[in-house]
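Both chains are sitting in their own frames, so use the hints and assemble them into the complex.
Line by line, the protein sequences are chains A and B. Residue numbering for the first sequence follows this note's numbering, beginning at 1 and increasing consecutively. Residue numbering for the second sequence follows this note's numbering, beginning at 1 and increasing consecutively.
Quick caveat, the hints were computed from the structure, so don't treat them as lab data.
The list that follows gives simulated cross-link-like pairs (lysine-lysine, DSS-like), each with its CA atoms no further than 27 Å apart: (1) B/K285 - A/K136; (2) B/K282 - A/K136; (3) A/K434 - A/K387; (4) B/K154 - A/K333; (5) A/K105 - A/K179; (6) A/K151 - A/K179; (7) A/K151 - A/K193; (8) B/K232 - B/K324; (9) A/K136 - A/K151; (10) A/K136 - A/K193; (11) A/K191 - B/K282; (12) B/K67 - B/K268; (13) A/K105 - B/K282; (14) B/K285 - A/K105; (15) B/K285 - B/K268; (16) B/K167 - A/K333; (17) A/K400 - A/K4; (18) B/K67 - B/K35; (19) B/K167 - B/K117; (20) B/K282 - A/K193; (21) B/K268 - A/K193; (22) A/K31 - A/K4; (23) B/K285 - A/K191; (24) A/K303 - A/K290; (25) A/K4 - A/K396; (26) A/K151 - B/K285; (27) A/K193 - B/K285; (28) B/K160 - B/K117; (29) B/K117 - A/K333; (30) A/K387 - A/K333; (31) A/K306 - A/K31; (32) B/K282 - A/K151.
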Amino acid sequence: MGSKNIALMAHLMRRAGFGASYEELEARVAKGYEDTVEELLDPERHGVPPLDTFLMYRYHPMNEIPGAPPYGSMNFMYYMLTTQRPLEEKLTLFWHMVFATGNSKIDNPTEMNRQINMFREHGLGNYRDLLMRLAKDPAMIFWLDNNMSHKHAPNENWGRELLELFSLGQGNYTEDDVKMASRAFTGWTIKPKLPRAPYGRFLWQFEYRPEDHDDGEKEFLGQRGNFNGEDIIHIILQQPATARFIARHLYSFFVADEVQVPSWNDVAPRDPEAVQAIADTFTKSDFDMKSTLRFLFNSEFFKDEKVWFAKVKNPAEVVAGTTRLVGDFQEPKPGVMLLTLEAGYQGQELINPPSVEGWHTGSEWVDTGALVRRVNFVAEMLGDASKPGVQSIINKLGSKDALSPEEVVDGCLELLGAIRVEDGTRQQLIDHVKAGGEVKRGSSEEQVRAFSQRVTEVLQLIAATREYQFA
Amino acid sequence: MALIQTIGERTYTYSHCVGSLFAFTAPTDLVLGAKGVVYAPSRGADPGYPLGGRQRWTKWDLEEDVKIVDAGDQGSNDGELLWPTALDLGPDGNVYITDEYLNRVSIFSDDGAYLRKWGTPGSGEGQLDGPTGMRFDGEGNVYIAESRNNRVQKFTADGKFLSTWGKAGSGPGEFNMPYGLHIDRHGDVFVADWGNDRVQKFSPDGDLLAQFGSSGSGTGELQRPTGLATDKDGDVYVADWGNNRVQVYDAEGEIITSFYGDARELSKSATTFVSANSDFVKARKRADTSLEWAFRRPAAVAVNEDNQILIIESISGRIQIYQKEEDYLDPQFNL
Numbered sequence: 001m002g003s004k005n006i007a008l009m010a011h012l013m014r015r016a017g018f019g020a021s022y023e024e025l026e027a028r029v030a031k032g033y034e035d036t037v038e039e040l041l042d043p044e045r046h047g048v049p050p051l052d053t054f055l056m057y058r059y060h061p062m063n064e065i066p067g068a069p070p071y072g073s074m075n076f077m078y079y080m081l082t083t084q085r086p087l088e089e090k091l092t093l094f095w096h097m098v099f100a101t102g103n104s105k106i107d108n109p110t111e112m113n114r115q116i117n118m119f120r121e122h123g124l125g126n127y128r129d130l131l132m133r134l135a136k137d138p139a140m141i142f143w144l145d146n147n148m149s150h151k152h153a154p155n156e157n158w159g160r161e162l163l164e165l166f167s168l169g170q171g172n173y174t175e176d177d178v179k180m181a182s183r184a185f186t187g188w189t190i191k192p193k194l195p196r197a198p199y200g201r202f203l204w205q206f207e208y209r210p211e212d213h214d215d216g217e218k219e220f221l222g223q224r225g226n227f228n229g230e231d232i233i234h235i236i237l238q239q240p241a242t243a244r245f246i247a248r249h250l251y252s253f254f255v256a257d258e259v260q261v262p263s264w265n266d267v268a269p270r271d272p273e274a275v276q277a278i279a280d281t282f283t284k285s286d287f288d289m290k291s292t293l294r295f296l297f298n299s300e301f302f303k304d305e306k307v308w309f310a311k312v313k314n315p316a317e318v319v320a321g322t323t324r325l326v327g328d329f330q331e332p333k334p335g336v337m338l339l340t341l342e343a344g345y346q347g348q349e350l351i352n353p354p355s356v357e358g359w360h361t362g363s364e365w366v367d368t369g370a371l372v373r374r375v376n377f378v379a380e381m382l383g384d385a386s387k388p389g390v391q392s393i394i395n396k397l398g399s400k401d402a403l404s405p406e407e408v409v410d411g412c413l414e415l416l417g418a419i420r421v422e423d424g425t426r427q428q429l430i431d432h433v434k435a436g437g438e439v440k441r442g443s444s445e446e447q448v449r450a451f452s453q454r455v456t457e458v459l460q461l462i463a464a465t466r467e468y469q470f471a
Numbered sequence: 001m002a003l004i005q006t007i008g009e010r011t012y013t014y015s016h017c018v019g020s021l022f023a024f025t026a027p028t029d030l031v032l033g034a035k036g037v038v039y040a041p042s043r044g045a046d047p048g049y050p051l052g053g054r055q056r057w058t059k060w061d062l063e064e065d066v067k068i069v070d071a072g073d074q075g076s077n078d079g080e081l082l083w084p085t086a087l088d089l090g091p092d093g094n095v096y097i098t099d100e101y102l103n104r105v106s107i108f109s110d111d112g113a114y115l116r117k118w119g120t121p122g123s124g125e126g127q128l129d130g131p132t133g134m135r136f137d138g139e140g141n142v143y144i145a146e147s148r149n150n151r152v153q154k155f156t157a158d159g160k161f162l163s164t165w166g167k168a169g170s171g172p173g174e175f176n177m178p179y180g181l182h183i184d185r186h187g188d189v190f191v192a193d194w195g196n197d198r199v200q201k202f203s204p205d206g207d208l209l210a211q212f213g214s215s216g217s218g219t220g221e222l223q224r225p226t227g228l229a230t231d232k233d234g235d236v237y238v239a240d241w242g243n244n245r246v247q248v249y250d251a252e253g254e255i256i257t258s259f260y261g262d263a264r265e266l267s268k269s270a271t272t273f274v275s276a277n278s279d280f281v282k283a284r285k286r287a288d289t290s291l292e293w294a295f296r297r298p299a300a301v302a303v304n305e306d307n308q309i310l311i312i313e314s315i316s317g318r319i320q321i322y323q324k325e326e327d328y329l330d331p332q333f334n335l
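Extracted from the complex, chain B is given alone in its bound form (with noise of 0.2 Å):
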């Protein structure tokens, strides 16, 4: 994709990236803290081998490209996780995590000390199977996928049951291993139906209001899409992970366009990793960088109050950030 673009009388422009995979490992997640801070869990490595990466959950600080706080380790006691999926933070100002293998939510302070879990394995009401996307509402209350049970269901931040909705399949309002899970801003209910290939859009008691995409790699199509976000004007921002994209629709579901990477220069942190390394430098120079630039597994996305798309890769550890500008279509002078 080129560095601008304008489509749909929208304007897109690649800003920069930040992180590496020194900062992230296998995230699955993207959170906004506050201005200028982010959160992302670390899915790491599969048990056994000391060096592959731990599971964690990570707070960056954007502007300096650096890490704020690391915590969280590989296991399945209290303050473990194993395969940690989403993350969000709590009305308490708390960070909450679902952990798809062990069935619970863990709960973190935000500088890092592990405070509680909830959450019981199983299939009843109020039980988790496989629990992965998790977003709190603007009441205080969480709603969570569950790639096994195929539902979701809503609690209080205390892990309370409060409703439930869905089953497995591919028909309205059932679901195929669903992945993430995003709130908009009128507390609609946005699902990553990852298995079945499409995005469903539920009301906060979770009727099915509307859904878009379907199989393939064509305009539009997604294949197994994990994170989502949506802008004040309503445009959704999928992670399209199996294309290696991230696909943007208006608010009726219609396409409008895809970002595919553009990720031509380095990130901050990047940059002093490399250039504290003359062998790395000289390698680069005569290597084709240009492989750098794309998406490597879009894991997920979210959208600040700057209309600033952040898109966060499984692979690279890196987080892109594209503008959306608002009055690039403005009538310009004859300067």
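Chain A on its own, in the form it takes in the complex (with noise of 0.2 Å):
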């Protein structure tokens, strides 16, 4: 049943997405690994709709203005749960995950969603068009207090993040450069807002005032003039070290986990070769995401099994990935809002990430509390012989009337799509299997369930694996 070609496309669905049905993965892999990558990567030149936002906001109203917090985080959770264009939404969470804006501090769900949108629209277009927009978005403006940061009066906030999380990282500046930057973008603020009440929650406004923009001169990163903020993120990009801190963030988020954000400086890349060559890229390209991804997509380092299943799964990819897996919620229906507050149950509450530095990666995904949450949350999905995704992998496992342990087992891991565990696991769950007596599909309604019953919990056994974890 299994191919590389298969193993191959499920890697990149991962990654590039939020998993695949086989179903799905089958046709992908007919219509080729490189065309796939194109699709993904400019989903509206071959076709593929964007999300009906109408038909989200019949069902969920709630999700255009949204009221209480976690309503906010379900705007989002639900584009992940049904776009048809995966990449964009992974590409919308990575940058969110980078550019961390919290709705803790913001508590404005609504102008969240519109940053969020704002990565989606643009995530795949250009960086420096991207830092543009940053810097003039309404949340983050209030979240890193440039709003406070006046002529005379400059707050550091905006200037520093800019530097040490956003472009350049840690040890590629002077505290004397924070101090420029921040000069710089004075004058960049926010219009007075109107409250929440009585009508719910208005989008911010941006406003640039020139009385109140230090125009003096500057000298930031070696250079001198009289700069405004734009000057400022032109200068960043003429640094190497920003092109090598979004490719290590890209390497980070789609080949294989780094240490934390904050040790990048200490600790050397994974594959140093690798986040050069995506930098390389990147400032070839000048600063294109799309040239950047598809480079990144089609190399051999992306490609190589040593990366597979070389990332924890965040909390957004467990339960998006694992509810499209089972193909639920496809239509609308209400429950979205659990799986929303599921995520943030796992460690990741969309939309509010728990500070500037964004959510820690990787291992620490996981500790105890949420391994229990993530564990539970993927055997309920997959123990559910109901839902769609669950019954189509049934049903072809039972196209042979009787199979062997080893059947069972090698068909649940191929048919999740084509997951690698450890021999050691893989001979558990065959020994599983083995003590619960032969495995027949036969063609009474009982024989049916019978079946049913003892490849879903297979299924259930699979998602309680370490492995699984793993994306």
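In structure tokens form, the structure reads like this:
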């Protein structure tokens, strides 16, 4: 049943999306790897429709102007569950995790969703353009206090994080550069906000106040001039460190887990050559995300089996990926809120990262509490034979009347997306099936039900393996 | 839009607004009761989080701008609602509500007590799949549109099937996820054909009489129309939900004008809320309150005997009221 093509496609779809059903993997293999990458990168050109926001707002009206914070996160989760443009959404999550902005301070989920939507619309475009938009994004301005930064009293929060976390990375600028960048962004603020009641929240508005901008001379990263904010971004992009910093983020998010960002100055990249190659492409393409990701997904270091399952799934991937795998929520129905909350319980409350540094990723996603939630959530989903995706797996396995324990285990692993487990894990799964006796589909209603139960049992056990936690 | 506009020999004046998001939470319909009273179902928030606004229906005093009855709750047990969509008053004076997810009609007394329900899920005659718009006719029978069965069915008030028409599609008489339904004073049935961006008008037996509107945001075009109503002159008011406006057509379906919302003053209940909080008063003095004037997802329209046009907004939870003047074009004296 399995093939290397399927396994490679499963790897691509786990990274460039939220996984895929076996049927989708087969269709994509038939289409071809490079063509799939092109479709993911440019869904518009390939006729893949965007999400129908009217349909979402009809059935989930709170997704448009959310009141309480979790309803703001629900908008993002709905996209991840239902989008036909998985890379667009995955990259939206990527930028959300890099340019981490938290509703804990913004306290306006509507405004947060506008920022998320900006990542969705422009995330696959140009990084320079994205930084410019980010600098004018009302949520970011409020998050990093730039509305409190004045000509005669600059606030350094935005200036510092722009250099430390959004572009150059620690060690590639001085404290004076932070001060100069902050001066250059004075006057970049937001208009006075309407209160949230009595008619609900309204979007905030960017405002440039020339009278509050420090137009004096500044020396920034070795250049001298009467810089404004745009100049600062242009100078930042001239630094090789910026391309390396974003390249390492891309490697860590799409290829294999890196150490946490604060350690990047002390710990070398896992694959320095790959990171440099991404950085070179990023620079040569004038910071074009599409060109850079095209290079990444088609590279040998991405396809290398050594990096398959070399990433711990983040909670959004666990929840959205598993829900998509079992074919749930493809039609509007109540319950998206519960899934949104589930990602939060597992440690990733969307639109509300713990700080501007974002979530700590990799193995830090998993502590004992989170692990139990992850396993229980997946096991419950995969154990529900009424879900179309689970039914499809059962039917596929049931095309043969009698199966050996090895066929049951290998079949389940394959149909869940060519999952690879260690030999010891596989043997334990086989032993479990053996202990339950012969696996036959049969034809009576009772026999078919028993067969379904045997299969879903194995699926649930796979959900509990260490390996299922990896993407 | 100007607060007063004269067009097509009709004059419309913005009057005032009532309610706020504390009154209605994502309302989906608006129905007139006794003079000065309206009813609206609230779609509320997705289940799972307690502070999102529950599913319910509300009886509201327009003059005092206060709640009279607030009934129903989130859930699928008897008396609970998940996707309440349309509300109408039955010939028995009770409150009937369609639930688009639970595929049933729940019936409450006028003071909010749950009484009973009817409706079984399915696509057969008399079954329901996605019941949305609902109105009683002059004979006490009820018409219901269905978003997933893409049809209209007629029942007695206690749910006995009488007739049906329509199927999925975009051709004449076909539907794509119909939403609001209205019956005019002649008994003709208007359906907001949500996914097809049009309004279709049928005889009481389901013969297609007219259709108007097409996809877009230009004059006369519609984007996901939801609710609709007619006045005593036969003019048709359509909640052009996706375009954040209300479109006014004459009886032949010719566009007359559009309303975009003019709520320059707070409603009475909103004023009470704001004035009780000095921080809100201060913030409102600094901010651009003109953002509040426009409709935010107008969901349903109702027209009363005084030619007042009431428009309820899904996001702001507010009802904006316009007056259609009848004597504005009378000859003027040289005062």
